[in-house]
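Colleague: Sequence:
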Amino acid sequence: MDIQKEIENISSRIIAKYKPEKVILFGSAARGDAGPDSDLDFLIVKKDTPYHGADRIRELSRMIDRNVPVDFLVYRPEEWEQRLQMGDPFLKLILREGKVLYG
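Per our numbering, the very first residue in the sequence shown carries number 43; after that it's consecutive.
These are calculated hints, taken from the structure and not from any lab test.
Using N, Cα and C, we set each Cβ at its ideal position, and we do this for glycine too.
Treat the hints with care, as some may be off.
[Said to hold, decoys possible] Taking CB as the label site, the calculated pair distances span:
(1) 138 / 45: 12 to 22 Å
(2) 78 / 128: 35 to 45 Å
(3) 131 / 99: 19 to 29 Å
(4) 44 / 124: 16 to 26 Å
(5) 78 / 124: 35 to 45 Å
(6) 103 / 144: 12 to 22 Å
(7) 44 / 129: 35 to 45 Å
(8) 111 / 141: 13 to 23 Å
(9) 100 / 132: 14 to 24 Å
(10) 129 / 58: 16 to 26 Å
(11) 92 / 44: 32 to 42 Å
[Unchecked claim] For lysine-lysine, the following DSBU-like pairs were computed, each having C-alpha atoms within a straight-line distance of at most 35 Å:
(12) 89 / 64
(13) 89 / 61
(14) 89 / 47
(15) 141 / 47
(16) 141 / 61
(17) 134 / 89
(18) 61 / 134
(19) 89 / 59
(20) 47 / 64
(21) 89 / 141
(22) 59 / 47
(23) 59 / 141
(24) 59 / 134
(25) 47 / 134
(26) 64 / 134
(27) 64 / 141
(28) 47 / 61
Make a model of the complete structure from these sequences and hints.
Modeller: Structure (structure tokens):
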């Protein structure tokens, strides 16, 4: 499996179908140390989602066909900014190690 090709395919589908403001790849694939059992981790910032919490992830998961395991985190812009201002260590790690694919 070509992990880079999968990242490109999934991110282009996210952008086309979900219309986010931002897409960030994070985790082992972003660091370049993904193994054969690794999943792909995407953080998505989406302004117009009517859903909350896990419902956002389910909505996105239904829209995006994929051939590898994928985890999505979905935030509204104001949630993203608020958590960054609060100094959320997980989001700081994502910004430090992640790769912005869109936005």
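Colleague: All hints are to be evaluated individually against the structure, with a verdict given for each.
Modeller: Results for each hint:
1. 138 / 45: 12 to 22 Å: Cβ of residue 138 to Cβ of residue 45: about 21 Å, so the range 12 to 22 Å holds.
2. 78 / 128: 35 to 45 Å: This hint holds: roughly 36 Å between Cβ atoms.
3. 131 / 99: 19 to 29 Å: Given range 19 to 29 Å: holds, Cβ gap about 21 Å.
4. 44 / 124: 16 to 26 Å: Violated - the Cβ-Cβ distance for residue 44 and residue 124, about 37 Å, lies outside 16 to 26 Å.
5. 78 / 124: 35 to 45 Å: Holds - the Cβ-Cβ distance for residue 78 and residue 124, about 37 Å, lies within 35 to 45 Å.
6. 103 / 144: 12 to 22 Å: Cβ of residue 103 to Cβ of residue 144: about 18 Å, so the range 12 to 22 Å holds.
7. 44 / 129: 35 to 45 Å: holds, 37 Å
8. 111 / 141: 13 to 23 Å: Holds - the Cβ-Cβ distance for residue 111 and residue 141, about 18 Å, lies within 13 to 23 Å.
9. 100 / 132: 14 to 24 Å: Hint holds: Cβ distance 21 Å, inside 14 to 24 Å.
10. 129 / 58: 16 to 26 Å: violated, 34 Å
11. 92 / 44: 32 to 42 Å: holds, 35 Å
12. 89 / 64: Holds. Residue 89 to residue 64 sits at ~10 Å (cutoff 35 Å).
13. 89 / 61: Answer holds: residue 89 to residue 61 is near 9 Å, not above 35 Å.
14. 89 / 47: holds, 27 Å
15. 141 / 47: holds, 15 Å
16. 141 / 61: holds, 18 Å
17. 134 / 89: Given that 35 Å is the threshold and the Cα spacing comes to 20 Å, the pair holds.
18. 61 / 134: Between residue 61 and residue 134 the Cα gap is close to 24 Å, so the pair holds against 35 Å.
19. 89 / 59: The given pair, whose Cα atoms are some 14 Å apart, holds under the 35 Å limit.
20. 47 / 64: Measuring from Cα to Cα gives roughly 19 Å; hence the hint holds.
21. 89 / 141: Roughly 20 Å separates the two Cα atoms, so the pair holds.
22. 59 / 47: holds, 18 Å
23. 59 / 141: holds, 20 Å
24. 59 / 134: Within the cut-off at roughly 27 Å; holds.
25. 47 / 134: The given pair, whose Cα atoms are some 27 Å apart, holds under the 35 Å limit.
26. 64 / 134: This hinted pair holds, its Cα atoms lying about 15 Å apart.
27. 64 / 141: The given pair, whose Cα atoms are some 11 Å apart, holds under the 35 Å limit.
28. 47 / 61: holds, 20 Å
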